[in-house]
Amino acid sequence: DAMVIQNPRYQVTQFGKPVTLSCSQTLNHNVMYWYQQKSSQAPKLLFHYYDKDFNNEADTPDNFQSRRPNTSFCFLDIRSPGLGDAAMYLCATRGASTDTQYFGPGTRLTVL
Amino acid sequence: GNSVTQMEGPVTLSEEAFLTINCTYTATGYPSLFWYVQYPGEGLQLLLKATKADDKGSNKGFEATYRKETTSFHLEKGSVQVSDSAVYFCALRLIQGAQKLVFGQGTRLTINP
Numbered sequence: 001d002a003m004v005i006q007n008p009r010y011q012v013t014q015f016g017k018p019v020t021l022s023c024s025q026t027l028n029h030n031v032m033y034w035y036q037q038k039s040s041q042a043p044k045l046l047f048h049y050y051d052k053d054f055n056n057e058a059d060t061p062d063n064f065q066s067r068r069p070n071t072s073f074c075f076l077d078i079r080s081p082g083l084g085d086a087a088m089y090l091c092a093t094r095g096a097s098t099d100t101q102y103f104g105p106g107t108r109l110t111v112l
Numbered sequence: 001g002n003s004v005t006q007m008e009g010p011v012t013l014s015e016e017a018f019l020t021i022n023c024t025y026t027a028t029g030y031p032s033l034f035w036y037v038q039y040p041g042e043g044l045q046l047l048l049k050a051t052k053a054d055d056k057g058s059n060k061g062f063e064a065t066y067r068k069e070t071t072s073f074h075l076e077k078g079s080v081q082v083s084d085s086a087v088y089f090c091a092l093r094l095i096q097g098a099q100k101l102v103f104g105q106g107t108r109l110t111i112n113p
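Protein sequence lines, in the order shown, are assigned to chains A and B. According to our numbering, the stretch in the first sequence is residues 1 to 112, in order. According to our numbering, the stretch in the second sequence is residues 1 to 113, in order.
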């Protein structure tokens with residue numbers, strides 16, 4: 001039944017050690033989003049894909065990259081995690097003709 | 001710019017109490033408005049939405065009405081349950097581009113038996 005799946009649910013990495021978070025969807029949606037949610041804050045959009053077209057938010061640091069090899073999967077790469085990157089990372093999807101975003105359960109990233 | 005302001009939490013109520021969580025927004029144009037709920041350890045779930053002025057969204061006993069004149073979308077429920085304990089986010093959806101969501105800061109709700 002799971003529609004938007006994120007793996008792992010919890011990720012621990014070391015300062016400066018690259019890490020990749022995964023998102024997959026069974027909805028066949030065109031649009032996939034990555035949000036960062038720091039403790040007790042609102043989710044903040046990092047970037048999104050419309051099909052293969054990548055769209056970065058203006059204030060997303062270069063340290064954050066993304067890949068979408070096919071419709072179902074999208075990855076978030078953090079090249080050199082800092083302590084300030086510890087957060088919950090949420091993936092969401094949306095169909096091209098709908099207005100509702102469907103969220104995954106999130107990956108909580110800890111940076112040591 | 002586009003922004004959402006929510007009532008600050010945390011909010012603690014007794015079971016069967018009446019709930020209101022205030023939400024106001026600033027936006028260019030006429031955005032769609034949403035309430036999302038986040039249960040502990042989980043992602044966001046859509047609770048309800050409204051796409052134009054005077055629309056009322058409703059789900060699971062929760063309601064919110066899109067008020068253009070006051071730029072508000074307050075969430076209400078007549079009788080809350082312990083299972084309603086969660087964080088509630090008000091959001092607007094931009095019409096242009098990515099149609100991204102702009103969230104309020106969230107309101108943590110705790111219902112005591």
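To be clear, the hints were calculated from the coordinates, so they are not data collected in a lab. A few of these clues could be false.
Said to hold, decoys possible - Pulled a few chain A residues facing chain B out of the computed Cβ check, cut under 7 Å: (1) A42; (2) L45; (3) D85; (4) A86; (5) T100.
As the list claims (entries may be wrong) - DSS-like cross-link-like pairs, simulated, lysine-lysine; straight-line CA separation at most 30 Å: (6) B/K77 with A/K17; (7) B/K49 with A/K44; (8) B/K77 with A/K52; (9) A/K38 with A/K52; (10) A/K52 with B/K56; (11) A/K17 with B/K56.
Just so you know, even glycine gets a beta-carbon here, dropped at the ideal spot from N, CA and C.
Take a quick look at whether A/K38 and A/K52 sit within 30 Å of each other, Cα to Cα.
28 Å, holds
Given the proposed pairing of B/K77 with A/K17, does the C-alpha separation stay at or below 30 Å?
With a Cα-Cα distance of about 46 Å, the restraint between B/K77 and A/K17 is violated, given a limit of 30 Å.
Straight-line Cα separation of A/K52 and B/K56 no greater than 30 Å?
Violated. A/K52 to B/K56 sits at ~36 Å, over the 30 Å cutoff.
Given the hinted pair A/K17 and B/K56, is their alpha-carbon gap at most 30 Å?
48 Å, violated
Would the stated hint for A/T100 survive a check requiring a Cβ distance to chain B of less than 7 Å?
6 Å, holds
When the nearest CB of chain B is found for A/L45, is that gap smaller than 7 Å?
5 Å, holds
Taking only the CA atoms, is the gap from B/K77 to A/K52 under or equal to 30 Å?
Roughly 41 Å separates the two Cα atoms, so the pair is violated.
Hint validation: A/A42 versus chain B, beta carbon distance must be below 7 Å. Holds or violated?
4 Å, holds
Restraint outcome when A/A86 is required to lie within 7 Å of chain B by C-beta distance
Nearest chain B Cβ about 16 Å off; hint violated.
Does A/D85 pass the interface check with chain B, least Cβ-Cβ distance below 7 Å?
This hint is violated: A/D85 lies away from chain B, its Cβ roughly 19 Å from the closest one there, beyond 7 Å.
30 Å Cα cutoff - pair B/K49, A/K44:
Holds, at roughly 20 Å.
Hints 3, 4, 6, 8, 10 and 11, counting from the list given before, are not met by this structure.
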